[in-house]
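K.L.:
Residues per chain, in single letters:
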Amino acid sequence: RKEVEQDPGPFNVPEGATVAFNCTYSNSASQSFFWYRQDCRKEPKLLMSVYSSGNEDGRFTAQLNRASQYISLLIRDSKLSDSATYLCVVNPVGNTDKLIFGTGTRLQVFP
Amino acid sequence: GAVVSQHPSRVICKSGTSVKIECRSLDFQATTMFWYRQFPKKSLMLMATSNEGSKATYEQGVEKDKFLINHASLTLSTLTVTSAHPEDSSFYICSAEPTTKSYGYTFGSGTRLTVV
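In the order they appear, the protein sequences are chains A and B.
Numbered per my numbering, the first sequence spans residues 291 to 401.
Numbered per my numbering, the second sequence spans residues 216 to 331.
Read the hints as simulated data drawn from the structure, not as lab findings.
It should be emphasised that the depicted structure is a prediction, and the values quoted were computed from it without experimental measurement.
It is possible that some hints are incorrect.
[As the list claims (entries may be wrong)] Covered stretches of chain B, as calculated for chain A (at least 3 residues, CB under 8 Å): (1) 224 to 230; (2) 258 to 266.
[Stated by the list, open to error] Estimated spans, in silico, between C-beta atoms of each pair: (3) A:S316 with B:G276: 24 to 32 Å; (4) B:A287 with A:N302: 20 to 28 Å; (5) B:K256 with A:D367: 25 to 33 Å; (6) B:S298 with A:R291: 46 to 54 Å; (7) A:G348 with B:S233: 31 to 39 Å; (8) A:S371 with B:R327: 18 to 26 Å; (9) A:K332 with B:L283: 23 to 31 Å; (10) B:T232 with A:L364: 33 to 41 Å; (11) B:L289 with A:E305: 44 to 52 Å.
Virtual Cβ for every residue (Gly too), placed ideally from N, Cα, C.
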């Protein structure tokens, strides 16, 4: 089983739609979780950290379910500029600096 | 703040030659930097953890003699791909985390290596 798994997509949605991505992780003791955004042929950029209580940043909402070992990202009112690959990233316990990346979920927002 | 500069952004080299990639933290000090490799439509895979003033820690399956890492200062880590082969062609990305841990992990802009 992969350490971090994501549906690769692509998710094709119209502008204004709400879209949700899920991610599962295998190490139940993992401590830190993030969502990164990666544009084509570019480096990943931190979108938001994921906190146990869930957190929101504008149109983006991240949630963590430790019991089921999954993380979600909800994007409301999708914009064309949201088109990118969204990477689920986990920081395993025991190594505070190491990141494990999911393969990413491709989102394409169309007019 | 928390800018990581990576150079070069793109390089084409002949088989058998060596290529050096630089990763610099511009406005913070990084005792630890990370080198990743990404194949097309694949996830980033950690290759090694670069530690300032000591030997790098390589992930399983990564040849340390082929991918030489030097972290001589708190702002610079280099990755040298030695005796490059076409299968080494990939997107290499470095990252660093400020000690303040307030910006998350910052990535360099990546280096696209093509070995011909």
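K.L.:
Which of the listed hints are broken here?
P.N.:
1, 3, 4, 6, 7 and 10
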